[in-house]
Amino acid sequence: MTDKSLQKLSQQIIDETDGGKFSKLTEKLLKKYSSTDREYVLNILTDYARNGQILHWRNFLLTDIIELVNEDEANYADFFEWCITQPELTYWGIDGLLKTSGKKSFPALIEILKNESFNTSIRAKAIKSISLFSKQAFDRELPKDPGYWKVADLRIEEIEIWQKNGFQDGGGYPEPKTHISLENPKTELEKIASKLNKKLETERAKNRDLSNPTNWLVIADETDILNIEKKWKLPENYLLFLKNYSPLNVFIDSKKYFQGLHLYGASDLINRQEGYSFNPVTNKSIADWPKNFVVIADAGADPYCIDINEITENDAPIYTSIHGSGEWKFELYADNFLTFLKEIAGK
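Under the working numbering, the sequence shown has 92 at position 92, and the numbering climbs by one with no breaks.
These are calculated hints, taken from the structure and not from any lab test. The beta-carbon is built from N, C-alpha and C at its ideal position, and this holds for glycine as well. Misleading hints may appear alongside valid ones.
Computed cross-link-like contacts, EDC-like style, restricted to lysine to aspartate or glutamate with a CA-CA straight-line distance of at most 20 Å [unchecked claim]:
{"#": "1", "residue 1": "206", "residue 2": "16"}
{"#": "2", "residue 1": "230", "residue 2": "307"}
{"#": "3", "residue 1": "206", "residue 2": "81"}
{"#": "4", "residue 1": "144", "residue 2": "47"}
{"#": "5", "residue 1": "284", "residue 2": "253"}
{"#": "6", "residue 1": "231", "residue 2": "145"}
{"#": "7", "residue 1": "103", "residue 2": "190"}
{"#": "8", "residue 1": "104", "residue 2": "81"}
{"#": "9", "residue 1": "342", "residue 2": "327"}
{"#": "10", "residue 1": "103", "residue 2": "175"}
{"#": "11", "residue 1": "243", "residue 2": "268"}
{"#": "12", "residue 1": "199", "residue 2": "236"}
{"#": "13", "residue 1": "198", "residue 2": "183"}
{"#": "14", "residue 1": "329", "residue 2": "313"}
{"#": "15", "residue 1": "231", "residue 2": "221"}
{"#": "16", "residue 1": "198", "residue 2": "175"}
{"#": "17", "residue 1": "243", "residue 2": "160"}
{"#": "18", "residue 1": "4", "residue 2": "18"}
{"#": "19", "residue 1": "255", "residue 2": "268"}
{"#": "20", "residue 1": "21", "residue 2": "71"}
{"#": "21", "residue 1": "177", "residue 2": "160"}
{"#": "22", "residue 1": "164", "residue 2": "201"}
{"#": "23", "residue 1": "4", "residue 2": "15"}
{"#": "24", "residue 1": "114", "residue 2": "145"}
{"#": "25", "residue 1": "347", "residue 2": "327"}
{"#": "26", "residue 1": "4", "residue 2": "47"}
{"#": "27", "residue 1": "347", "residue 2": "331"}
{"#": "28", "residue 1": "347", "residue 2": "111"}
{"#": "29", "residue 1": "231", "residue 2": "274"}
{"#": "30", "residue 1": "342", "residue 2": "145"}
{"#": "31", "residue 1": "103", "residue 2": "88"}
{"#": "32", "residue 1": "144", "residue 2": "188"}
{"#": "33", "residue 1": "31", "residue 2": "47"}
{"#": "34", "residue 1": "231", "residue 2": "209"}
Here are the in silico distance ranges between beta carbons for each label pair [to be verified]:
{"#": "35", "residue 1": "31", "residue 2": "292", "range": "45 to 53 Å"}
{"#": "36", "residue 1": "167", "residue 2": "302", "range": "41 to 49 Å"}
{"#": "37", "residue 1": "170", "residue 2": "285", "range": "42 to 50 Å"}
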């Protein structure tokens, strides 16, 4: 027998017309009942996606529905088959259909990606989702977000050949190469890097897209390191970090950092100086930037810099400043890079 409180909450969701209040009601529904009354909650959400009166919330609820359904839970396949026929629901409906129908959904999704009446982003989404599911590289060398793809990026002929050959699974993408010391750390730097890597592993588990790997600490390309060494004399601790644990698309989502922290790697460290010490438009250095500051990270464009004039005991202090205030007013943020890295790695 269904909880009366749940029934009341269900009716409140159906009746609510204010988007803010609706959001709080659905949040309560998911938090309180999704684990104990999953199927009932799914019925509420799928019914709203079909008939709900706040139109944009029909689409927003799809990600929650997809999260709640299980792999190959075929009794929800009909719902997602309906979703991909609704223009406002097609984008996320693609993922739901793949999750509940698996390879059986391929023909329907291929019809979407071939259909020129759909927005490019939806056609691209179909290809991206098929690529992830089948481990085929139809998304190679393309932006992670299919919203940035162009019509010319859609590998339709390649997909049609794959279809004719029976939808064979691909080999996927290899994981980036990591340093062995991440698994068996001994020095202080190795231990901090290992701790940060474990933190990033949690984020990687949420997104297994290796076509554009994110939140990895990888062995740097030797050419990148040589170019860095030609440009700056960096403290040994930071240089060794770049060599062995170069951040690859690392983003730290934390309230400590305004809009989160982007931690630079060896492959992008030089280019990331643009807008700070170097003007790419004039191709000249920016006069008011301290020549001894190398930007190693940013939080919402607020730079975190290592001072290469204050190197002591193989390390150097980190300074930061708020951008957009008319002039740079740097303050000491951490006594050295290892302290900064410890903070990023967390407790």
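Original post:
Tell me, which hint numbers fail for this structure?
Top reply: Of the numbered hints given earlier, those the structure breaks are 1, 3, 4, 5, 6, 7, 9, 10, 12, 14, 17, 18, 19, 20, 21, 22, 25, 27, 28, 30, 31, 32, 34, listed in rising order.
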